[in-house]
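Letter by letter, the chains look like this.
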Amino acid sequence: MKALVWHATNDVRVERVPDPTILNPRDAIVKVTSTAICGSDLHLLDGFIPTMQAGDILGHEFMGEVVEVGHENTRLKVGDRVVVPFTIACGRCFFCEKQLWSLCDNSNPNAWMAEKLYGYTTSGLFGYSRLTGGYAGGQAQYARVPFADVGPMKVPDSLTDEQVLFLSDIFPTGYMAAENCEIKQGDVIAVWGCGPVGQMAIRSALLLGADRVLAIDDVPDRLRMAAEGGAETINFDQESVFERVKILTGGRGPDACIDAVGLEAHGSTLDAYIDKAKTAAFLATDRPNALRQAIHACRKGGIVSIPGVYGGFLDKIPFGAAFQKGLTFKMGQTHVMKYMKPLLDRIERGDIDPSFVITHRLPLDDAPNAYKIFKEKRDHCIKVVLKPHTETVH
Amino acid sequence: MTSEINVAGAERWASALGGAALTAYAIKQLKDRSPMGAALAAAGTALIYRGATGHCAMYEAAGINTAADAGTETKRALGGSRGVLVEEAVTINGSPEELYAFWRNFEQLPRFMDHLISVKQLDQRRSHWVARAPAGRTVEWDAEIVNEIPNELIGWRTLDGADVISAGSVRFKPAPRHGTEVRVRMQYEPPAGKAGAAVAWLLGLEPSQTIQEDLRRFKQLMETGEIPTTKGQPRGRQSILNYD
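Protein sequences, first through last, are from chains A and B. The numbering of the first sequence is this note's numbering, which starts it at 1 and goes up by one. The numbering of the second sequence is this note's numbering, which starts it at 1 and goes up by one.
No wet-lab data here; the hints were simulated from the structure. All C-beta atoms, glycine included, are put in the ideal place defined by N, C-alpha and C. Treat the hints with care, as some may be off.
[What the hints assert, rightly or not] Here are some chain A residues pointing at chain B (derived, C-beta under 7 Å):
1) L23
2) N24
3) P25
4) G55
5) C90
6) F94
7) N106
8) P109
9) Y135
10) A136
11) R144
[To be verified] Some chain B residues flagged as far from chain A (calculated, every beta-carbon gap over 12 Å):
12) E97
13) F106
14) E107
15) P110
16) I117
17) Q121
18) Q124
19) S127
20) R132
21) W141
22) E144
23) V146
24) D160
25) G161
26) E189
[Stated by the list, open to error] Taking lysine-lysine pairs in the DSS-like style, the calculated list, with each CA pair at most 27 Å apart, reads:
27) A:K2 - B:K231
28) A:K154 - A:K77
29) A:K116 - B:K231
30) A:K31 - B:K231
31) A:K184 - A:K330
When you get a sec, could you build the whole thing from the sequences and use the hints?
Encoded structure:
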């Protein structure tokens, strides 16, 4: 089959590799019909995530048709059309039973690595470094899905791939970020980062009853899409985020702040340049510029919700502000399985059509170029969907 | 698994973390699992090191002076406070009864203890064990159960004539809301010579890690019915030399 393979920082290629096979009794093999590139794939492309190996197959947002099932898997059958969550979970440990799927005890074969860095292991993830299991990803024609009797969700034929594909990650991720804000009537929510997760968070916050949403970014296309989704926008290149947020909230600050940016934040403030210099000189791992602003801008007693990915050590977090203002922090990888069904229902009801975020549709063959366009935000790119079984026409 | 570890990547990241003591600790832990470490162990030098330095610290850390302790059992089985003692624990979402029943059937142990080839039950108390050793060789020994409380504790020791003199216990204790805490204590006398090298290889540079991984696989098997793996999954080309 063909797959998108990571070789080194800024070096990904489409190659022919062996087809995946059933390795464990609860596995399934899925013929991938649609897969997407995630903002967090860019952290891999940029070399920000340790324990990648040349030869790793990337991709954690995918869906398709079940073509083979392991003998212990009684939930799926050949021919089922499924969306696959990016988190891999056993369904039977303490954490899975509490719907804390991304904290599964049993799905990371390299658990000891995560234990050394984080104390305890979290769940395995598709296509996301040794640290989270080293599982081959879904930017490929076929993918092996472990514990496939737990994660994959059957989807009705009445919905297109593009309408349901994002149930694999960004819609649940944006939704959980908004849910973590514990939105009450009259609440104002501020969202840092208007990439795909930020876009989903903006719409989810409004679905959950937020009075207003403030959206912060510096990319005009993203700000336009945020405005179309009902947000009031702030371009951090043109105005002071804190001043603007304060004015727009009548001087009190947002009730909750969402950091949908994560470890590779860029910005034009002094601390952002210091972060960039420090990570370049290996003096810090993550660049938490957006998180700092979110903490600073949040109202007293408010909530900071963090769907943006962090992996290591953060420098100069205004912990004093967080403490003195009595903030609550909510964060973590998404418990995707908890949200797939309720959000599928919302899509079926017509509350939302997540395909609005797609700007590019390309064959898998073009994936290296697609990564480039997405990374450099060229050609108005916000979200790329790849078709693994379409040949490039030259 | 060890050979798959990308130490270069970890080190690169480590340097990025810039001097934090915490990081140094984490990376030291990662490096302890390096192929170099395994090679050292195979050479048998690790055993000497452990024999020279590990004894007292481990012994104290395990706190085996507590009268009600399972450690007392291993100590008595070995005829005194000799050798190296390691202790590891894991919490499993299951009842003490089912976990005990699985473990007590020793012939099933190779399903999650990687270094074991087979265990054969000789009678109610005695069993014969075969384990992998370097260079395709095997080591074998007989063991007997010295203490047993159904659904709570199994204690065993090797019988006279074994290359490896060891004793151990596994205890199953209910943990409300979480299932069962499974606690393993192993005490063994590092032998000298060829057998010593074999034991070093068997238990790795860090015997507690071997037991920890065994317990992790036990948990995975008990909770999910399988042991998660990526062995045999597709990969791209790993070297640009092979790239056409």
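- Query: Broken hints, numbered, in rising order?
  - Reply: The structure conflicts with no hint, since it agrees with every one listed earlier.
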